[in-house]
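**Student:** Chains as they are written, first to last, in the UniProt record's numbering: chain G, 1 to 636; chain W, 1 to 247.
By construction, these hints were calculated from the structure, which means they are not laboratory data.
C-beta atoms are modelled at their ideal positions from N, C-alpha and C, and glycine is treated no differently.
Careful, some of the hints might be misleading.
List time: in silico DSS-like cross-link candidates among lysine-lysine, alpha-carbon distance up to 25 Å [what the hints assert, rightly or not]:
#1 W:LYS197 with W:LYS133
#2 G:LYS84 with W:LYS92
#3 W:LYS133 with G:LYS181
#4 G:LYS531 with G:LYS488
#5 G:LYS182 with W:LYS197
#6 W:LYS92 with G:LYS31
#7 W:LYS92 with G:LYS181
#8 G:LYS531 with G:LYS215
#9 W:LYS133 with G:LYS489
#10 G:LYS367 with W:LYS147
#11 G:LYS629 with G:LYS617
#12 W:LYS50 with G:LYS484
#13 W:LYS92 with G:LYS383
One side only, chain W facing chain G, incomplete, derived with CB under 8 Å [stated by the list, open to error]:
#14 MET31
#15 ASP57
#16 GLY61
#17 ILE62
#18 CYS63
#19 PRO108
#20 VAL110
#21 VAL114
#22 ILE124
#23 ALA140
#24 ILE143
#25 ALA158
#26 HIS184
#27 THR204
#28 LEU208
#29 GLY212
Here are some chain G residues the structure puts well away from chain W; computed CB gaps all over 10 Å [unchecked claim]:
#30 LYS15
#31 ARG69
#32 LYS176
#33 ARG253
#34 LYS367
#35 LEU525
#36 GLU588
#37 HIS619
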Amino acid sequence: MTLNSKIPEGKLEDKWRNYQSESRLINPANKKNLNIIVVGSGLAGAGAAATLAELGYQVQCFCYQDSARRAHSVAAQGGINAAKNYQHDGDSVWRMFYDTLKGGDFRSREANTYRLAELSAPLIDHFVQQGVPFAREYGGVLANRSFGGVQVQRTFYARGQTGQQLLLAAYSQLSKMIRAKKVAMLPRHEVLDIVVINGKAKGVIVRELSTGQIKRFAADAVVLATGGYSRVFRLSTLAINCNGSAIWKAHKRGAFFAAPSFTQIHPTALPQTSDAQSKLTLMSESLRNDGRIWVPKKKDDKRKPIDIPEDERDYYLERRYPSFGNLAPRDIASRAAKERIDAGHGVGQLKNAVYLDFKHAITKLGKAAIEDKYGNLFTMYEKITGINAYQEPMKISPAAHFSMGGLWVDYELMTTILGLYAIGECNYSDHGANRLGANSLLQTSIDGYFILPNTINNYLEGEIGEKHPGVEHPEFAHVENEVKAHIKKILHINGNRTTDDFHRELGKVMWQECAMSRNKQGLELAILQIKEIKEQFWNDIKVTGTDTEMNPELEKALRLADFIELAILMCTDALQRDESCGAHFREEYQTEDGEAVRNDADFNFVSVWEYHAGDFKLHKEMLEFEYVKPTVRSYK
Amino acid sequence: MKVTFKIWRQEQSDAKGALKSYEIDGLSEDMSFLEALDFLNESLVLKNEKVIAFESDCREGICGSCGVFINGRAHGPHDNMATCQVHMRSFKDGDTIVVEPWRAGAFPIVKDLVVDRSAFDRIIEQGAYITAKTGTAAEANAILIPKEVADSSMDVAACIGCGACVATCKNASAALFVSAKINHLNKLPQGQPEGHKRLLEMTTQMELENFGSCTFTAACEMECPAEISISSIAEMNARYIKAKFFG
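Only chain G is shown next, with the shape it has when bound in the complex (with noise of 0.2 Å):
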């Protein structure tokens, strides 16, 4: 099979148009008979729902929280990014073009980089008219602040909450749907696999959390907006039933996976302290804007930071990267703390922190204003940690965050499964190598809102005519009976070890081979222990209660089950890659002052991986940059 990326003729500033001039359009009529499945509630799942279901398309929307309000998308802070120019610092789509593509490190399409950045003005409009309350001026326009990896002010943002916002705005908007009964929501169901019919994705397998009762739904399309997959990790700033089965499942039917290993480990979330911790909390990457990072440099300083002169502090980004300093984008900022880290200089009780200093942003711009910038923000940390950020430094700590890597998909946000869509963080589409910050709640609305909308009438025209199988057809009772063997084989199992005790060695290999630095032999090992740690778990996992009850254990379990075999696709794809790009930083490929070395000539392409029984195929999509010639990465 080859990959087409069905990239639009012409200019890239007329590929979208000439696009969507010339795909081909249902009429209302039509459209009310044709019905798609979104799974998912987040940003993108909810846009998609609510925007389809608006254009007269009957939407089943699935979500496994209690309520579509609770997706993950609620948790990002910062911000959302758009070109649009409001602080007359020369900012444009171009620029933000560029910016996204160089922030990627050059693994990325252009073509869809550019239509990210081109959708990005209209995209504040909708949340405007939707009543998401963004910080203003006093003059009553929009305010604007910096993230990462960019030197304009294009930042949108409502205080630390600003995806708490625009998922409430896309669950209103989806509520408003659901009341016009044109969107059927199922809260509380989970996809346990999809449901492919001659090729063409037809349905999936659900299963009721509250009864655990297996059901099946079919459709004429399916789309998958999952999001992230780093709770691979186990302790990642994601939330705790996030998870990686839908998109793995799909992958198992023949959806290519690219770039798994592509993950973006965030430089400022608090540090471990136990192993039985959970999760990690990401404190916002705007607290960059004023905070400064530092430690001390004295090696196993055991002074308080308050205590320790200016002179005796390395403000180590600022020493490295002059020109964006205490700014630079989050794969280069979690690097530079590991460094540090593994240096000796780490603070804190397991000396796995470096500092987020307040204290000159305070003298200079008084602790009224830094309160209103982030006060949410320090209210959280001290919740978390007993501790006042105005008056001692944050230790923050580099976590998993998200993923780059996805479903692959084309142009019209399609998998290599006919009819089966995936969108927003669970695809590979804008972010190349390293996704800037506030570009995801960017990528996700735009999928849901603004693309998928005009992309999916293109394959539903052609399926008017045949009228999806329904649930009765053979193929739905064969993906239900394998759905229902592998909960009762896990069940049966009755071994010795939790689902916790498999996730916590899972997650200790991964953090070690395949995060923030990788090296051959350190994943050749990694894919062995997997590899082992999967043979254990299906000898000796543990899981009780019942199958037809509510039961967290058994969901946990199936989670990590397909989390273990998206490991080893990881391990297997940053092995591959023998090239530094972005997050994916190969110990092998550094320059002298360990700055990542990319290597154009021979890893131009997505690594898009197939899979086929067990094993891993790979195909290569080459990436043509005909706009922007790549350069070396520079934010020094």
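Could you slot chain W onto chain G? The hints should help.
**Tutor:** Coordinates of chain W only, in the frame set by chain G:
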């Protein structure tokens, strides 16, 4: 650290429930309260027992999934903090900690500590939106909104929908939740064309869902993790009078 949990166990909504005691050792003060429950659950699995069902997701106080009574207080011993933000350092070694689900007729128990809060979703469906389709928006800065207005809208828009306000209220009133959403949208110019309709529809649905009436005890504002003030309820009432009589 060692504590005794007394936890509400109930197989399903129509089953009889009871408090059950669990002694657990080996906890640390740095653990969050929910991590202590994870730890307990892991020990239950190894003893071949069913785990305690409880809800949580983001574990950073923003998704609103978690919420239980801890020693008789919604979301535990602190003011304005979600259950997931409570840490074991808030308890003493040897403490007995009573854990119960939200208590409100409108929030029936699903299992153990998990309740059904879909009444909130049904209230939101009754007009907690701005009727405008994707693709119809005008330039964002064409609508000027004074900073004070945007800020005060944001103050109430911060609601996380956890249900603590209902659970802690002796009347099981949803007034704080409903007022927060109404005020968020009705304060903004975009929300004003449908303001009165929204207010009447949402409050009607609130009554249909069997929530009680507000008697201004202010218990809700003590527990609200988003620190929404009861003045939001007063503001809703003022808007209600205006909508009802001067519509």
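**Student:** Hint by hint, where does the structure go against what was stated? Just the numbers, ascending.
**Tutor:** 2, 6, 7, 8, 9, 11, 19, 27, 28, 29, 31 and 32
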